[in-house]
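Protein chains: 2
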Amino acid sequence: MIYQDLFYPAGVAVFGSVKPGKLAAVIINRLKEGNMPNVYAVNPKAQGMENVPGCDSVLKLKGQVQLAVIAAPAAIVKDILEECGQAGIKAAAIITSGFSEAGNVQGEQELLEIASRYGMRFVGPNCAGVVNTHSNLLATLETRPPKGNIAIISQSGAVGGILMSMAKAQKIGISKFVSFGNGLDLNMMEFLEWMKTDDETKVVAIYMEAVKNGRAFMKVLSELTEIKPVVIVKAGHSSAGQRAALSHTGSMAGVDAVFDAALGQCGAVRAESLEDLFDICRGFSALPEIKGERVLIVTNSGGPGVMTTDKSEEVRLSLPEPSQNMKETLGKFLPSFASIKNPVDLTVEGTGEQYRDALANALEEYDAAVALYIGTPYLKSAPIAEGIIQAGKSTGKPIAVSLSVGTDMNESLDRLEQEGIPAFISGERAVKVFAKMAQYYKCKKLGKTFEASSMPTVGTVLPNNLLEPDVKELLQKNNISVPPYSFVHTAEEAAQSGEELGWPVVIKVVSPQIIHKSDVGGVLLGIDSPNKAREAFKTLEKIAEGRDFRGAIMYHMLDLGREVIIGLTNDASFGPVVVFGLGGIYTEVLKDVVFKVAPVDEKTALTMIKSIKSYKLLEGIRGGKSIDMQFLAKTISELSYFPFKYTNIREMDLNPVFAYEDGVIAVDARIVTDNEA
Amino acid sequence: MIYQDLFYPAGVAVFGSVKPGKLAAVIINRLKEGNMPNVYAVNPKAQGMENVPGCDSVLKLKGQVQLAVIAAPAAIVKDILEECGQAGIKAAAIITSGFSEAGNVQGEQELLEIASRYGMRFVGPNCAGVVNTHSNLLATLETRPPKGNIAIISQSGAVGGILMSMAKAQKIGISKFVSFGNGLDLNMMEFLEWMKTDDETKVVAIYMEAVKNGRAFMKVLSELTEIKPVVIVKAGHSSAGQRAALSHTGSMAGVDAVFDAALGQCGAVRAESLEDLFDICRGFSALPEIKGERVLIVTNSGGPGVMTTDKSEEVRLSLPEPSQNMKETLGKFLPSFASIKNPVDLTVEGTGEQYRDALANALEEYDAAVALYIGTPYLKSAPIAEGIIQAGKSTGKPIAVSLSVGTDMNESLDRLEQEGIPAFISGERAVKVFAKMAQYYKCKKLGKTFEASSMPTVGTVLPNNLLEPDVKELLQKNNISVPPYSFVHTAEEAAQSGEELGWPVVIKVVSPQIIHKSDVGGVLLGIDSPNKAREAFKTLEKIAEGRDFRGAIMYHMLDLGREVIIGLTNDASFGPVVVFGLGGIYTEVLKDVVFKVAPVDEKTALTMIKSIKSYKLLEGIRGGKSIDMQFLAKTISELSYFPFKYTNIREMDLNPVFAYEDGVIAVDARIVTDNEA
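Chains G and H, in that order, give the protein sequences.
Residue 84 in our numbering is what sits at position 83 of the first sequence, and the numbering runs on without skipping anything.
Residue 487 in our numbering is what sits at position 486 of the second sequence, and the numbering runs on without skipping anything.
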């Protein structure tokens, strides 16, 4: 199995010059540094290195090598790969650059062709290699990280290098590391897939810049987050520029909002920076599940307690005070000058026992705790650390710490880490981590909101340039309410239809050659009698003269409801995306919209409605009544399924939709199919 | 002079037990560690320490000691202070705790009394002491920081301790440090004042939790930022809870927004966390002025470049591409595979010379640059560092770096720091610093927006419960437009007045006993004839029966304008604050309001208008015309001066104000004076 060969090879062949400073020499040194036993240098002169035999052909190593690490010049990589194939090697890491990233696409395709011929799989080219701390595999140019349970998958070699260097400096335990460079063969998808069954990995950290097939990515990501947390840094959210989301309302939000929605729908956690990425991973790596958002802070000084409180509120954790009972319990063993609120402030006199007892008792009422300890350079922090460790053991709940200043600080931090209590630079960082962890576990409990994993290949194809009556019919057929209407073909029909719909009515021209009806005077409002209806029809007929006139569509004029917009757009990575927002300036000026990768069920649609800033307007303010949320959610959900029933929808908007106390009506709609301009 | 005695004493007396582990002993060790020559231990037994003579009374040291550091038990501090007074000592740092922070207010007042009797000034009690790296003064329990040009003033001893420990660990050069504990005597104000003339300090870092006299604080802060940058972390922005800003529209924003506005008006820079605080201070400390917001990124790898680009956009820096000419210039010496955009990506092959040449040339078109270099563990970064240093020297513009990974990384970072090029953990951090620096220098160039420093002691006192016609008159007198109105006292006057105002009119009851006019039916709309006016007047008379009926106020019904709110509120720290926002849901639901400490001139009022999110609505969307910004700014400014003319205004709102294409009218107003409920 490729995964086995790639991450647990019994022998590794390194291709390329082993002269000092050359890549192959560096990699061999790394492999030896990592204590890999069977390493071979393969190069034309059969030059070896200290303890590493040289060999002029990998064919001579048949059976002894499972992984080829290629750092030879680009021109000869294909020959090496061919020979590896002949030698029965199934896995390779191609470090060598000079392929598609430098315009050499053909050279890259040749590699793919050779590999597929031999059933080989490879990482790269132009990659930073692979690491498995659990099998002594350090087939990379990068720093050797400590052993642990965090896997790193990086789309950028440089960022991978930074992460490995940070891991070493901050003593962050890594299980696997892979940076797949051009990702020509093995890439994000395969590694995510493998992470599902990798028992040495408890949490997966990802740095990525682009998503090729968003839906396939979402599928495997969703499956993986069911099993273990995945934390992602996505760069490039500004560089690609912003683009229109609901086409005709202008640039409302960038594609980054779609990526963000996709991650949320998959239950993955997004980190803002590499520092955040490691902070969050360390939380998941060390701590048990956090079951809610109630957090206790125990501190020995005010300032850091206050800053942690501020940040907790910002990240929406809850910091309730201990119950009256608990306050009494704590009061029994805490000194009178301690402040028993939240934070619990033990003051500068706080002892290890007090930290232990305050945490161990109060945690009964909380989901997690942050212990802050600010010492002075002449006092030992070890007793505090021990107190916290004991509390952690007795409660089994997540505790994070931030300790500052002290002669023995490093020893204390090491002790805490050993006992599964992560230390962060500040209390603020700790609560930020708790918030992300709580988000992951909450999402896992509620179940994923993303289901449909791929686009349908069969479905109905809609005709181009659908006429207004066609669109209305289509909506009705798909359980989206439209205003009562009639499609009339004569002045007499118009007069009669008005009687049925109830005066006053609106009457609009229907012609495939008239798209912007208002611009040509093709929309007549306030028609309130049979005679006016007849006249109106004739006016429209005249307007359409010389064009393909199909008749007129008539509506009873509706009471104004709360105006909302529901749209569908097509994301380059993720395909159909459903967008919701309040109409007019809320969408246009305030950009108060929410995205989800389509389709969404009614439950998810309801969370969309609730997540916009202007939600209160829908709930009703100043004694106004709430609009029909359930009906609105149903309408959003119904629309989100359109691209899965009709395969050629590029964009679609319901705008405006009138939301009432009872019911929701799509007043106007617009569909653009794939072939339309 | 106290400042001299406090920060540059020739001799220091330390009071308290010198037994190992006792505070006085720790402080004496710190002082000796800092190489302070004349240190004396003063305690009843005249116990000294190694190289530090003991003495049983400070009177014996008369003339040899300028600073007393007191770490003796609280009960005897007053006696020590008395003796210091007798010995002619003018400055003291009282480390001892157990005063007001523990409820001992009286003990604290005694200290103040003694000090004032002898013309002494002191820091503390309950403080972490003072440090001056430029005079070998380390009169503190905290870590010894490196010498430099950043002064730290901390309202929290614990946070001071964290900062000192961070300074040591991150090699951040400190000039002065003071943590003033209870701040009974010397506190924020005095230290800010002193910082103005402290030539050893280039930038002032502040940690604070509360502001006592906001206006005095603003005055000295404004003066200080004229001279040097001040960077502030303010904690406690959530804990105090949120409170109503415009009273009747509910809780729109917390006092933190006022603090934020105050800092902005004073030209100070706010940092989000202690890490940010030091990052920003290091920028100011090391770099020359940044003259604009155009930033160049030079990198050797994509990922970190992209993340830095993302962050730049977030912090609103501008990242234009080099001009065509510049691209050609750069193209001459950069390799063909380098990407000459912004970021300039030299790729993994980037050399020190290329960094130097790219930076030195392109910086002509930019205000600052970030150089990113991500190496590998086996490559030296020294040549890159040298290239960047040379570019810095030749351009004289600010350059920051982020270097990662490399055998000689620490040496390179030290070299860069020596040459005034600060290194940050990431490019994101570097651009965040640039953004804050640019904000400071921009604000300094534009001039402060805060002028009036203190509240007037004389001024007109408004009567309580002003009637609507009184309020309208008051507004008119102060150049705020109101709708044409008349105050009528008979039915006949009402009929006649309607003719003059023009039908239709609104007519409202006027009575000091009817506050909520609408609730009792005291507002009649759409009156469109003399007869109806007479009837209306009689109706109002009837409604007011048994109450103090003063007549009726009449308005011609106005066309609707764009609805805005302008308010005045009283902040506990900063006094009168002016608030602006769009009416209705923009203020209530979307909390889209802006605060400034009053008064504001028209220029500042204009920046307020432009800073709300819904500004575009005022500018006009979909072809609508802009409202009269200048008139609106004038109205905001006029209102902001009310508390400086009328001394008993507690709250005042103009709500709604109708803003038109030409002009702005305050339709309704409400004033609450200090004595009203």
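Among the hints, a few may not be true.
Any copy, or any two copies together, can satisfy a pair, since identical chains are not distinguished.
Unchecked claim - Heads up, simulated PhoX-like pairs for lysine-lysine below, C-alpha to C-alpha not over 25 Å straight-line:
no.	residue 1	residue 2
1	381	23
2	604	445
3	592	617
4	394	292
5	592	611
6	328	394
7	381	33
8	172	381
9	148	445
10	292	148
11	20	381
12	539	604
13	614	592
14	604	635
15	23	443
16	203	61
17	23	172
Think of the hints as simulated: they come from the structure by calculation, not from any bench.
Do the hints match the structure? See the list:
1. 381 to 23: Answer is between: at 14 Å across copies they meet the 25 Å cutoff, but 48 Å inside does not.
2. 604 to 445: within (15 Å within a copy, 52 Å between copies)
3. 592 to 617: both (16 Å within a copy, 12 Å between copies)
4. 394 to 292: This pair counts as within: shortest intra-copy Cα distance 17 Å, inter-copy 55 Å.
5. 592 to 611: So residue 592 and residue 611 pass the 25 Å test inside a copy (15 Å) and across (17 Å) alike.
6. 328 to 394: within (22 Å within a copy, 62 Å between copies)
7. 381 to 33: Only across copies: residue 381 and residue 33 sit 21 Å apart there, 40 Å inside one copy, limit 25 Å.
8. 172 to 381: Classified as both; 22 Å inside a copy, 23 Å across copies.
9. 148 to 445: neither (28 Å within a copy, 51 Å between copies)
10. 292 to 148: This pair counts as neither: shortest intra-copy Cα distance 28 Å, inter-copy 47 Å.
11. 20 to 381: Answer is between; shortest inter-copy Cα gap is 17 Å, intra-copy 50 Å.
12. 539 to 604: The answer is neither: 47 Å in one copy and 58 Å across copies each exceed 25 Å.
13. 614 to 592: both (10 Å within a copy, 10 Å between copies)
14. 604 to 635: The answer is within: 9 Å in one copy meets 25 Å, while 50 Å across copies does not.
15. 23 to 443: This pair counts as neither: shortest intra-copy Cα distance 49 Å, inter-copy 50 Å.
16. 203 to 61: Close neither inside one copy (39 Å) nor across copies (68 Å); limit 25 Å.
17. 23 to 172: Answer is neither: 28 Å inside a copy and 35 Å across each miss the 25 Å cutoff.
Checked against the numbered hints above, the structure violates hints 9, 10, 12, 15, 16 and 17; every other hint is satisfied.
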